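Working from the sequences, and respecting the hints, build out all of it.
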Amino acid sequence: MRKIELNKRQARILQIVKENGPITGEHIADQLNLTRATLRPDLAILTMAGYLDARPRVGYFYTGKTTTQLLTDNLNKLYVKDFQSIPVVVSESISVYDAIVMMFLEDVGTLFVVDKESILVGVLSRKDLLRASIGKQELNTIPVNIIMTRMPNITMCMKDDLLIDVAKKLIEKQIDALPIVKETEKGFEVTGRITKTNITKAFLSLAADDL
1 MRKIELNKRQ
11 ARILQIVKEN
21 GPITGEHIAD
31 QLNLTRATLR
41 PDLAILTMAG
51 YLDARPRVGY
61 FYTGKTTTQL
71 LTDNLNKLYV
81 KDFQSIPVVV
91 SESISVYDAI
101 VMMFLEDVGT
111 LFVVDKESIL
121 VGVLSRKDLL
131 RASIGKQELN
141 TIPVNIIMTR
151 MPNITMCMKD
161 DLLIDVAKKL
171 IEKQIDALPI
181 VKETEKGFEV
191 TGRITKTNIT
201 KAFLSLAADD
211 L
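Using the numbering used here, read the sequence shown as starting at 1 and increasing by one per residue.
These aren't lab readings, by the way, just hints derived from the structure by calculation. Computed from a prediction, not measured in an experiment: that's the story for all the values here. Positions of the beta carbon are idealized from the N, C-alpha and C atoms, including for glycine. Careful: at least some of the hints might be erroneous.
As the list claims (entries may be wrong) - Cβ pair distances, simulated, as ranges:
1. LYS169 with PRO41: 39 to 47 Å
2. ASP165 with LEU6: 30 to 38 Å
3. VAL89 with LEU130: 14 to 22 Å
4. ASP165 with LEU34: 26 to 34 Å
Structure below.
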């Protein structure tokens, strides 16, 4: 959520509520010599932004939250499941050459490798494929399971994880994407992916909020 630039009336409303809250909208309107209808949009903005809270038959009161606290509150409402994208999955038996072609065609930076039962067994990054392609090796004959990052060294997340926690993992591990998985009796099944681009879009959605 973008830092709100309050107009003079909104700033005055906050001051009135700080000093007199809880206070009804009618009493706020009386102090400003305005009608309740005129005041309603400002009260709605301040309430939705988190500066004020309202209780039926009680009135408005000041939450005491700073802009930083309000931003943190909003970040803690963003979940992986709301911003995930479709994963690009390959078989562990395909060659490095085929994986390079797949990555190019799908325009992604990470491939998730699964076994015959569609269980996650590895992850391939651009760096992995670039490293394998250096030299005189025959890429058509090298299976990806030789160069991929294997379990249990794969960093994963679940759909109900907070996006801010996933962002921390991406930064700490210096990777571009995580597989979103669900646990089964056989292992972890890939259900989606979350990337730095997904997270950037999510954070921009807060900044785009005109509140």
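Results for each hint:
1. LYS169 with PRO41: 39 to 47 Å: holds, 41 Å
2. ASP165 with LEU6: 30 to 38 Å: holds, 32 Å
3. VAL89 with LEU130: 14 to 22 Å: About 20 Å separates the Cβ atoms of VAL89 and LEU130, which means 14 to 22 Å holds.
4. ASP165 with LEU34: 26 to 34 Å: violated, 44 Å
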